[in-house]
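Chemist: If you want the building blocks of each chain, they are given just below.
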Amino acid sequence: MSNVFQRVFLSRRPAGSRVADLETSLDPSLTLRKLRNYTLSTADACHYGFLGSVLLFVFVMNPAAWIAKIAVYLVFGVLFMLPATSQFFFNALPIFTWLALYFTSSSFSAEHRPPITVQVLPAIETILYGDNLSDILAASLNKPLDFLAWIPYGLFHFGAPFVVAIILFLCGPPTILRGYAFAFGYMNLFGVMSQNLFPAAPPWYKILYGLSPANYAMKGSPGGLGRIDQYLGISLYTDGFSNSAVIFGALPSLHSGCSTMEALFFSYVFPKLTPLFIFYVCWLWWSTMYLTHHYFVDLIAGSVLSYAIFQYTKYFHLPLTEPSEYSRWSYAEVKKFSVWLADPLNTDANDIENIVVPARADMELELNSMENSEPPSIFDHDRSVSRSSATSNTSVEAQSEAVPSSRPAKHRID
Amino acid sequence: MAYLPKLFLGVFPLYMGVELALAFTLLNKCSGFYGILGLFTGHALDTMQWLLYLSSVCTVLVYSSALVQIYKPQLLMYSLTLVVFCADTVLTCFFTLWFSGQWFSAQHGELTDPNSQTQQSQTPELQSKYKRGDTLDSQSASQSAEFFLTILITLLALASRFYFNFIIMAFVQRLFRHPKYIVDVNDVEQDLKHKNLLQRWWLKAQHASYKLCRRYLA
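Chains as they are written, first to last, in UniProt numbering: chain A, 1 to 414; chain B, 1 to 218.
Hints may contain errors.
Unchecked claim - Which chain A residues stay away from chain B? Per the calculated CB distances, all over 10 Å, these:
1. Val4
2. Thr42
3. Phe59
4. Pro63
5. Val72
6. Gln87
7. Ser107
8. Phe108
9. Arg113
10. Ala123
11. Tyr129
12. Met193
13. Asn215
14. Ser242
15. Ala245
16. Glu322
What the hints assert, rightly or not - Cross-link-like lysine-lysine pairs, in silico, DSS-like; alpha carbons within 25 Å at most:
17. B:Lys6 x A:Lys314
18. A:Lys272 x B:Lys72
19. B:Lys195 x B:Lys72
20. A:Lys336 x A:Lys34
21. B:Lys72 x B:Lys6
22. B:Lys6 x B:Lys193
23. B:Lys72 x B:Lys211
24. B:Lys211 x A:Lys336
25. A:Lys335 x B:Lys72
26. A:Lys314 x A:Lys336
27. A:Lys272 x A:Lys34
28. B:Lys72 x B:Lys180
29. A:Lys219 x A:Lys272
30. B:Lys72 x A:Lys314
31. B:Lys6 x B:Lys211
Hints listed in this document are in silico derivations from the structure and should not be mistaken for laboratory results.
The C-beta atom is built at its ideal place from N, Cα and C for all residues, glycine as well.
Extracted from the complex, chain A is given alone in its bound form (with noise of 0.2 Å):
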């Protein structure tokens, strides 16, 4: 076993790199060092303040006894403080953050909660996509594509974030589940906020009930998975969803976000393999319609903030790939992406073929200011070499060299 984990990962790794390596020590005083070291930029305090205050509203808002909850934050405290676990667990400071808020949510009281509404999600959906689409996509039930419909929306949806955290980890390069955790936990964060703040009932309500007003006191329900509860003689998806901490979490789906999420880091390690993982995502959809989960709508909102918060993510924290490369160990330095570079409306200042051509009210300003300039004269290099054709492939510097000055220059006095 340990000869094929070398000769797969670690066959290509570069001498002497460290990039790699995981921190296996137990001693917390490495880690007050490196706090000690560490300077508190805006983006930090940002993210350490927004994670900070949802933790503290669970922290009070949690039904738990108090000290079940001190113990759990002390829990994580050690956890944070040993660099061996630290590594990852604080680093996943926003998936915990989410789950921490999730489980809580089924503590709030319906006097504090929004009213729910009934008919915005499929009114949306007519009116941006031109019929109720997972109504429709409902309508005709029959066992094989109920498991068709199960095998994303009931199974993989579960265990898709490890088996993905894993892969990202073994092939991807160093730093990229920090990345992964950062936008997966984030994406749920913020998911969960939205259901809490805009509670909106799911299609299996309508179905059920047509367009009458809801209540917190209504049950959840399994909607098309309750068939398969019954295909294997279990309660597992009744029991779930009939006690969902978000009943009325419909909008945005976090399956539709979770999958599309794990789409677009794979396809950012595995290009060639980006075609397959969009029909993980279209499946996914069709899925969750079909077993009467989430309106269209809901699907494009969670799509739509993975999107968001993965390009952030890219821009701002992963790092690059290298496309011949599909082991972490095979780095030998973490490059991160440049805004800046990037930009194809970006200019070379050195770059004399691509200088970009002013704009025409420019131009006119600079003909009406040479209007009483002398005349250019072709003696004059350093001035004919300023008004050269811009897409000249001669450099400033190769005229300069190779036609010396023959005066001196001239100081213009305008």
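For this one, chain A is given, so just place chain B on it according to the hints.
Modeler: Below, chain B without anything else, positioned relative to chain A:
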């Protein structure tokens, strides 16, 4: 066109805005495939739905082609993208109005028809199961709140679409003014002779879009 935005959200480079605009629109346009998939469940589509779903599928091709070359854009492709995006914005406004009418008339029927699911669910059995006192009633959004939120979200979706349209327009304008992206139109004409019919249409559409954009943006 002097007032086109120079930065996305006033902070980020334009290409970031274009990338988000194309990706968000692309995700939305996937509705076309699911609308057509609805035919397999026995659901018939009317003319306007066919028009919406087929146009969505066509735009997916254009937007995905543009999105994959965002870091190395080609002016011809982005000219076509801009023209399609502008036409799509106009169509979206029209479809939004049309399907708003459809929804509100259907909703009226759902709320008033005694055979509708809404009316049927108000059975004494269910009412006793979920007994609604004054407190529970207030947990559901009022009819006016539902209407207000529906209109608000629709308008926000349209407003963001217009903003993204201006971002793409500003990006294409900057491409026109950048020497790196200068296009030799003769090359386009020559290329057509060696292509099949679909590719010819594609290149001709790009060429026509390029001329249109150059006229108003360059």
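Chemist: Give me the numbers of the hints this structure contradicts, sorted from smallest to largest.
Modeler: 9, 10, 11, 13, 22, 24, 27, 29
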